[in-house]
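**Q** Chains as they are written, first to last, in this note's numbering: chain A, 2 to 325; chain B, 243 to 600.
Treat the hints as calculated values from the structure; they're not laboratory data. Note that beta-carbon positions come from the ideal geometry of N, C-alpha and C, so glycine has one too. Please note that the accuracy of each hint is not assured.
[What the hints assert, rightly or not] Partial selection, computed: residues in chain A whose CB lies under 10 angstroms from chain B:
#1 Phe39
#2 Asn45
#3 Asn48
#4 Pro149
#5 Lys190
#6 Leu249
#7 Ser292
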Amino acid sequence: MDIKYDKKTSGIEKPFTQLFLLGVLFILIIFLSIYSPFFLKWNNIRNILDHAALQLIMAIGMTFVISTRGIDLSVGSTVALTGIFIGLLLKAGFPIFLSSILGVLAGGILGTLNGILISKLKIAPYVVTIGTMSLYRGLSLVITKGQPIYGFPVEFTYFGKGDFGRINPPIILAFSIILLGAFLLRYTKWGQYALALGGNEEALRRVGVSVNFYKTTIYTFSGLTAGLAGLILTSRLNVAEPNAGFMLESDIIAAVILGGTNMKGGKASISGTVIACLLLAVIRNGLTILSISSYYQQLLIGIIIIVSVSISEIRQGKQIRIYN
Amino acid sequence: MNFKKILSLLLILILSTTLLAGCNSGEVNKEMGKDNAEEEPQEKSSKMTEMENALMSQLEPMPEINKGEKIGVLVISLTNPYWVNMKECYERAGEELGIDVEVLAAPTEGDTTVQLETLDGMIVKDYDAIIFSPIDRNNLIPGIIRANQAGVPVINLGPGVDEEGLKEQGGFLDGRITIDFENQGKMAAEDMLKQMPEGGKVAIIQGIPGAGQSEGRTKGAKEVFENAEGVELVSIQPADWDRNKAYNITMDLIQAHPDLKGIFACNDVMALAAVEALETANEREGVIIYGVDFTDEAQEAIIADRLDGSVTYSSRAYSKAGLLLALKIAQGQEVNEAVYSPLVIVNKENIDEFHGWE
């Protein structure tokens with residue numbers, strides 16, 4: 002029952018899925034650049050990165066959650082609630098930077114609440130977060146009475162759509178979170194325990210690791226990423242609304258799974274998550290650029306998820322799963 | 243183990259209470275609405291009186307009022323500002339007409355079965371008539387049939403039901419009052435073209451594909467664009483009524499069509515997202531953007547010269563007409579024709595006439 006941290010079983014490296022996705026991404030890029038002269042223009046590439054940024058940030062948090070064999074369905078609602086919190090602070094005259102920081106931290110608190118319920122009360126993550134999903138959305142609606150909050154200071158929109166050289170703050174934030182995620186997963190005890198929690202929680206507990214602490218903080222991290230996404234979304238659209246991020250969790254979870262992180266826990270891939278988010282953003286962008294109805298978008302994304310997950314499962318074949 | 247079960251139950255209980263609190267947010271709104279009503283001057287804009295008269299003339303002969311009838315209203319969802327506003331309008335009109343009005347809703351815009359269950363619950367509550375706005379064309383049909391059997395008059399306001407399907411199953415509507423969605427798209431597109439005499443490329447941003455409002459408005463606008471000379475409709479993209487999706491689509495559209503001259507969005511939320519996106523990209527100049535609904539936010543944006551126009555009608559007159567129609571039917575009059583609420587274009591030129599619009 003001991004836990005192995007070597008890369009094969011702990012599953013940090015599982016490059017096949019990632020390579021496969023990367024291949025799909027390249028084929029798509031080549032195809033799109035042949036069919037549309039606009040695709041490879043810098044402004045369009047910047048658009049793709051900008052659109053992917055929101056998903057990327059939240060997907061990194063979700064990657065850790067899913068690697069513990071958990072799930073966080075409340076992230077979409079957290080985006081709305083933190084956005085509204087920031088909106089109210091700004092309306093009350095708080096400085097922009099302080100409001101933004103407090104908003105992101107509020108996301109962390111909402112995540113921590115998930116984590117405490119899951120770890121201390123041992124309620125299934127699915128149950129807890131489907132509850133808090135409604136709870137946070139309900140709070141957003143009650144607070145705003147269903148109406149959007151708008152009219153923030155112009156400087157506030159910098160986080161969402163300002164220029165930073167040739168890129169913008171959301172892209173920089175997404176890049177930083179990716180680096181942070183990769184670092185945490187690879188080089189810290191915290192990241193290793195996330196995988197181990199998904200692999201064999203009981204074993205981890207018996208060797209004296211404070212399982213509850215690590216579990217809770219992983220949900221805190223997911224909440225923080227959702228808070229950051231809430232900040233970016235509110236700032237980009239210059240509106241905080243209770244419907245923001247509706248069903249966003251399904252996009253995020255789809256990206257994480259597509260990227261090769263295993264729902265059964267114990268396997269995580271930051272690079273896979275990143276490639277998957279970019280792939281989904283390229284598909285969405287490409288369909289608009291080519292003026293194809295996005296009915297096909299749903300279809301295409303569904304096919305890609307099923308095919309790539311099937312292929313990697315088949316590849317894994319008889320590999321013994323460590324939680325057995 | 244039992245401890246865990248009890249805790250889970252407790253948690254579920256707490257969550258559902260909060261959820262119910264979410265549903266009851268209307269209560270808070272009611273108070274808020276009253277406060278606002280007291281603060282606002284009671285004078286109506288000239289446009290509003292004009293439209294109210296046009297709508298009311300369709301309802302002659304008027305029913306008797308102040309008879310204390312009980313009317314139940316089932317709307318789509320109070321998570322949508324539109325229906326929150328309609329609820330307030332219904333309640334205010336109810337007071338004006340001296341009748342009891344109760345407004346209920348599904349918890350979210352997608353909850354088709356809960357909306358049906360709510361209707362079933364309403365049928366046994368002894369209303370003199372029920373006004374309903376279904377989430378989709380079919381979800382309320384079984385409830386309508388049960389209302390028919392119980393002898394409760396049913397009036398369909400706004401989004402329609404599949405009347406053929408209803409008839410086949412032996413049900414019927416006692417009255418219908420609605421907005422012509424196709425005409426909304428048509429009017430917006432026509433007014434847009436007036437502002438772009440040289441024509442050029444235009445695009446449409448849809449709501450959820452398949453939703454009545456979205457399909458109707460798209461169809462109306464599409465026909466106008468396709469039949470106009472020098473106008474090229476380059477793209478129709480669904481953004482699911484979502485602000486962020488509409489923002490992203492607009493960003494992508496101007497990459498593929500840098501010479502885009504016009505965007506018609508199927509509601510104001512998406513139109514405002516398009517405005518936001520074009521402003522960010524420094525491409526706002528020379529593009530005409532229209533939405534539908536004329537929300538408070540859109541009103542401010544038109545005044546600030548950010549949004550070019552919107553299509554609307556008076557929710558106040560609309561909800562009042564709905565209640566009057568219900569009263570007529572409850573008092574035994576027969577109304578065979580559908581009643582259509584008149585529509586009006588709001589743009590930079592006439593925005594001043596819309597002060598205090600509701």
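**Q** Hint by hint, note whether the structure agrees.
**A** Comparing the hints with the structure gives:
For phenylalanine 39/A, the interface hint holds, since its Cβ comes within 10 angstroms of a Cβ in chain B; the closest pair sits about 5 angstroms apart. Hint status for asparagine 45/A: holds, given a least beta-carbon distance of 4 angstroms to chain B, under 10 angstroms. A cut of 10 angstroms between beta carbons decides the hint on asparagine 48/A: the least distance to chain B is about 5 angstroms, and the hint holds. Hint on proline 149/A holds. Least Cβ distance to chain B is approximately 6 angstroms, under the 10 angstroms limit.
Among the interface hints, the one on lysine 190/A is violated; its C-beta lies about 29 angstroms from the nearest C-beta in chain B, farther than the 10 angstroms criterion. Interface hint at leucine 249/A: satisfied, since its Cβ lies 9 angstroms from the closest Cβ of chain B, which is below the 10 angstroms cut-off. Interface hint status for serine 292/A: upheld, as the beta-carbon distance to the closest one in chain B is roughly 4 angstroms, under 10 angstroms.
Violation of the numbered hints given earlier is confined to hint 5; every other hint is satisfied by the structure.
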